[in-house]
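Student: The chain contents come next:
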Amino acid sequence: KQEVTQIPAALSVPEGENLVLNCSFTDSAIYNLQWFRQDPGKGLTSLLLIQSSQREQTSGRLNASLDKSSGRSTLYIAASQPGDSATYLCAVVTDSWGKFQFGAGTQVVVTP
Amino acid sequence: GAGVSQSPRYKVAKRGQDVALRCDPISGHVSLFWYQQALGQGPEFLTYFQNEAQLDKSGLPSDRFFAERPEGSVSTLKIQRTQQEDSAVYLCASSRGLAGDEQFFGPGTRLTVL
Chain A
95 KQEVTQIPAA LSVPEGENLV LNCSFTDSAI YNLQWFRQDP GKGLTSLLLI QSSQREQTSG
155 RLNASLDKSS GRSTLYIAAS QPGDSATYLC AVVTDSWGKF QFGAGTQVVV TP
Chain B
10 GAGVSQSPRY KVAKRGQDVA LRCDPISGHV SLFWYQQALG QGPEFLTYFQ NEAQLDKSGL
70 PSDRFFAERP EGSVSTLKIQ RTQQEDSAVY LCASSRGLAG DEQFFGPGTR LTVL
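For the record, the sequence lines run as chains A and B.
Quick note on numbering: my numbering labels position 36 of the first sequence as 130, and the sequence is numbered without any gaps.
Quick note on numbering: my numbering labels position 23 of the second sequence as 32, and the sequence is numbered without any gaps.
Same shape as in the complex, but just chain A:
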């Protein structure tokens, strides 16, 4: 069974520092990996989608890498801002229907 782990569970950084969030998965046979942001009491906002054939995706200050062979993905957020404070979740798709297996998330606090 696919297991997804996110380390650390919580992270606090001063404004301006770069954020590095880690996601690992046990089964490398994935269709894609998606990073989400979740604000308190809200649903999930998609940040980046990486297909299994891709090594990375970038959007603005966000960059996500994928290394399927080692079962790892890393989300980088450059020059963090207080508005980046949220919980970040990674999820992998391992079946042809698109069912997600989620990690427990990393709670990020960016202090002014």
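Mixed in with the good hints, there may be bad ones.
Said to hold, decoys possible - Far from chain A by the CB rule (all over 10 Å, computed), these chain B residues:
no.: 1; residue: 73
no.: 2; residue: 82
no.: 3; residue: 89
no.: 4; residue: 92
no.: 5; residue: 93
no.: 6; residue: 97
no.: 7; residue: 121
As the list claims (entries may be wrong) - Here are the simulated lysine-lysine pairs, PhoX-like style, with alpha carbons at most 20 Å apart:
no.: 8; chain 1: B; residue 1: 23; chain 2: A; residue 2: 95
no.: 9; chain 1: B; residue 1: 87; chain 2: B; residue 2: 20
no.: 10; chain 1: B; residue 1: 20; chain 2: A; residue 2: 136
no.: 11; chain 1: B; residue 1: 87; chain 2: B; residue 2: 66
no.: 12; chain 1: B; residue 1: 87; chain 2: B; residue 2: 23
no.: 13; chain 1: A; residue 1: 162; chain 2: A; residue 2: 95
FYI, nobody ran anything at the bench for these hints, they're computed from the structure.
Keep in mind that this is a model prediction, so the values were computed, not measured.
Each residue gets a CB set at the ideal place from its N, CA and C atoms; glycine is no exception.
Since the structure of chain A is provided, determine the placement of chain B on it from the hints.
Tutor: Below, chain B alone, put in the same frame as chain A:
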């Protein structure tokens, strides 16, 4: 529609009551998923629909949970005889239908069972 919508946003039920949670996916999306998110945890898969067909219900925690999507668009998740352990956020997601497609999530329904 512009995105996935869910109603109600909040539901408080007394233990033993039945509840129904609604999901309106993005128009034209073939795939629809339900997830359950306990406090401080990542979402857990409940069930999956492709159009009106429920192809996977392996994540439903008990036979008190029932989901339907009779016309291949709106879906309803019903929980009978609610228990305190059913308290969670219930998330709905939709996609165009291929495994590599991006999934779009609704805001969720927060269910509290007293």
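Student: Evaluate each hint against the coordinates.
Tutor: Going down the list of hints, with the structure as the test:
1. 73: Consistent with the label, residue 73 of chain B stays out of reach of chain A, its closest Cβ about 22 Å off (over 10 Å).
2. 82: Holds: least Cβ distance 18 Å, greater than 10 Å.
3. 89: holds, 24 Å
4. 92: holds, 23 Å
5. 93: Correct as stated: the minimum Cβ-Cβ distance to chain A is 20 Å, above 10 Å.
6. 97: holds, 13 Å
7. 121: Holds: least Cβ distance 13 Å, greater than 10 Å.
8. B/23 to A/95: Since the Cα atoms of residue 23 of chain B and residue 95 of chain A sit roughly 35 Å apart, the hinted pair is violated (cutoff 20 Å).
9. B/87 to B/20: Roughly 13 Å separates the two Cα atoms, so the pair holds.
10. B/20 to A/136: With a Cα-Cα distance of about 15 Å, the restraint between residue 20 of chain B and residue 136 of chain A holds, given a limit of 20 Å.
11. B/87 to B/66: Holds, at roughly 13 Å.
12. B/87 to B/23: Within the cut-off at roughly 15 Å; holds.
13. A/162 to A/95: holds, 16 Å
The structure fails to meet hint 8 from the earlier list, while all remaining hints are met.
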